[in-house]
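Produce the entire structure from the sequences given, and follow the hints as far as they go.
2 protein chains.
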Amino acid sequence: MKEFWSERIRDMVPYTPGEQPRGRTFVKLNTNENPYPPAPGVVEAIRDAAGEGLRLYPDPECTALRQALAAYHGVTPEQVFVGNGSDEVLALCFQAFFGGERAIVFPDITYSFYPVYAALYGVTYRVIPLREDFTVPVEQFLGDNGGVLLPNPNAPTGRALPLEDIGRLAQGNPDVAVVIDEAYVDFGCESALALLDRYPNLLVVRTMSKSRSLAGLRVGCAIGSANLIAALNCVKNSFNSYTLDRLAQAGALASVEDEAYFQENRQKVMATRARTAAALEQMGFTVCPSQANFLFASHPDHSGKELLDGLREKGVLVRWWNQPRISNYLRISVGTDAEMDVLLSALRELL
Amino acid sequence: MKEFWSERIRDMVPYTPGEQPRGRTFVKLNTNENPYPPAPGVVEAIRDAAGEGLRLYPDPECTALRQALAAYHGVTPEQVFVGNGSDEVLALCFQAFFGGERAIVFPDITYSFYPVYAALYGVTYRVIPLREDFTVPVEQFLGDNGGVLLPNPNAPTGRALPLEDIGRLAQGNPDVAVVIDEAYVDFGCESALALLDRYPNLLVVRTMSKSRSLAGLRVGCAIGSANLIAALNCVKNSFNSYTLDRLAQAGALASVEDEAYFQENRQKVMATRARTAAALEQMGFTVCPSQANFLFASHPDHSGKELLDGLREKGVLVRWWNQPRISNYLRISVGTDAEMDVLLSALRELL
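Chains C and B, in that order, give the protein sequences.
Residue 351, in the UniProt record's numbering, is where the first sequence stops; the numbers in between run on with no holes.
Residue 351, in the UniProt record's numbering, is where the second sequence stops; the numbers in between run on with no holes.
In case anyone wonders, no lab produced these hints; they're calculated from the structure.
Hints are not guaranteed to be accurate.
[Claimed, not checked] One-sided excerpt, in silico: chain B residues whose CB lies under 7 angstroms from chain C:
#, residue
1, Glu7
2, Ala231
3, Phe239
Note that the Cβ used here is the ideal one computed from N, Cα and C, for glycine as well.
Here it is as structure tokens:
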């Protein structure tokens with residue numbers, strides 16, 4: 001029943017995003033959304049942009065947004081690329097930088113979209129096992145690779161690498177692109193942006209979905225040398241000239257402009273994370289040290305699947321993977337303090 | 001200076017969209033935008049959707065929008081795919097249906113993005129010359145092709161094929177996908193949707209950019225058998241699970257719901273097109289019979305480039321291609337009556 005399908009997609013297994021429930025109201029801790037609303041200026045900017053101007057194409061270069069991001073991060077606009085969510089930016093990276101004879105490398109436990117991109121674009125890859133404690137064995141990422149892809153902090157573990165190790169990765173793979181996926185970086189991890197001046201092969205990918213509470217707006221970006229950004233533009237302009245609509249450009253720009261709100265928001269999330277991690281540990285959970293807006297935790301006496309199902313029955317959604325090494329873990333997004341209290345009581349009842 | 005670029009993109013020449021001018025105000029007849037605003041309900045729906053909900057991911061299935069489009073076109077939701085503009089939908093078609101050993105076919109004069117997609121996704125193609133009068137020689141599209149891609153009406157000529165010929169295309173290429181790009185269909189051309197029941201290999205691609213005045217919102221769709229739509233979903237979910245943000249989904253849905261506004265809008269454009277075509281012919285232009293929201297015209301005494309530059313100096317943007325067979329033609333989008341009057345006076349001065 002796959003008549004007319006191209007050969008390349010017949011055996012493909014697409015990515016499965018976390019459930020977006022309809023109907024019943026859950027405490028939704030399964031897709032790492034931010035529990036707080038976007039900055040007030042975002043909504044205002046979108047409402048202003050929602051007018052007659054919608055009949056006109058958006059700026060394909062996203063000039064104003066790129067300029068704002070460049071100023072914010074202390075780079076030039078030619079070093080900034082924006083896309084329709086960081087998932088799109090990552091997909092374009094596969095086409096722009098990867099796919100030669102040598103395999104690219106990424107960890108065995110990581111964002112589960114990576115192998116899917118590789119299958120779609122025909123990129124060979126090799127996974128490198130994380131250590132037992134889920135830390136990244138950096139030395140194993142150095143060598144004759146076709147490219148490197150690494151989230152920092154990693155997902156779904158939440159563990160972060162120090163800047164020094166990111167530098168080793170870039171230096172140890174000097175002739176290929178090293179892509180650091182910083183989707184969760186704003187929750188306490190050092191950014192590789194500080195290393196861009198030293199490594200022309202280093203690309204930092206980011207999203208506004210998490211720390212800027214804009215998952216519903218679909219805005220991601222990449223920052224690196226102008227040469228790497230030109231490659232992304234080449235792919236983008238061979239695929240879809242206008243990936244960001246007028247409203248997304250306007251809203252994202254307004255978010256960048258409200259620094260105070262951004263800082264307050266991420267501090268709140270980090271404080272709730274610390275409080276929740278401590279409570280989970282008190283209940284006997286092993287909790288990975290997290291620099292992200294989620295916690296990765298397992299319990300010695302209860303399987304991951306059992307807790308997933310039990311929580312769902314009690315109206316709390318978290319995420320679980322039926323996958324070697326981590327099938328006993330739950331990934332729990334950090335919500336508000338009140339939401340985490342619901343989670344913690346539900347877990348207390350289940351244990 | 002293409003260090004780190006993947007082999008596949010080093011020689012690629014991206015698509016060049018029509019200019020989106022900044023600064024000076026032009027009468028903008030170069031990118032086939034609709035001169036009238038979107039339906040009033042669109043703006044209202046977007047303003048309603050622009051709130052705290054932006055912190056949450058959008059519905060990756062775009063359920064409400066797909067249901068509305070299905071009801072509107074008399075098909076099931078499983079027969080509808082939506083994407084981030086029809087450019088994205090077309091790009092996904094290349095991956096979903098094309099790329100085997102046999103070349104796909106499209107006309108020599110057509111949407112200039114097609115060969116760019118083919119280069120990006122490694123799809124071999126063969127162009128089939130239009131007849132001297134820019135009509136499509138359907139018989140030459142029948143045979144051992146790897147797929148068929150045809151805009152109806154064609155761009156930039158504006159000429160349309162009757163339904164019967166689309167049927168011949170689908171029937172004459174029974175084992176591959178036949179993709180009809182109906183970006184401009186609402187301006188007077190028969191839609192191939194009427195043939196879907198008979199041809200499981202027929203896919204209709206559409207956009208809300210033109211006839212629904214939503215170029216700035218980036219919404220396109222594909223309609224066909226559930227099997228073809230499943231292939232598009234397989235590619236989409238291997239590339240970017242959430243291609244339509246919350247605002248685009250809400251705005252597009254509201255547009256579908258205002259049928260009266262839609263009908264009035266397209267009638268106005270068609271009336272202005274007829275009036276403008278007549279005036280151009282009176283000035284000595286040869287004007288292609290157009291079923292689209294643009295006119296394709298050439299003058300015996302003045303080159304296309306000369307008129308393009310002259311019009312620009314007078315503040316009117318139109319589109320021109322430095323390409324064999326059509327380098328003496330201008331493509332002129334249909335604006336308001338007042339805008340077309342500016343165009344016509346400018347041309348009168350130039351001739």
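Results for each hint:
1. Glu7: 6 angstroms, holds
2. Ala231: B/Ala231 check passes; min Cβ-Cβ to chain C is 5 angstroms, inside 7 angstroms.
3. Phe239: 5 angstroms, holds
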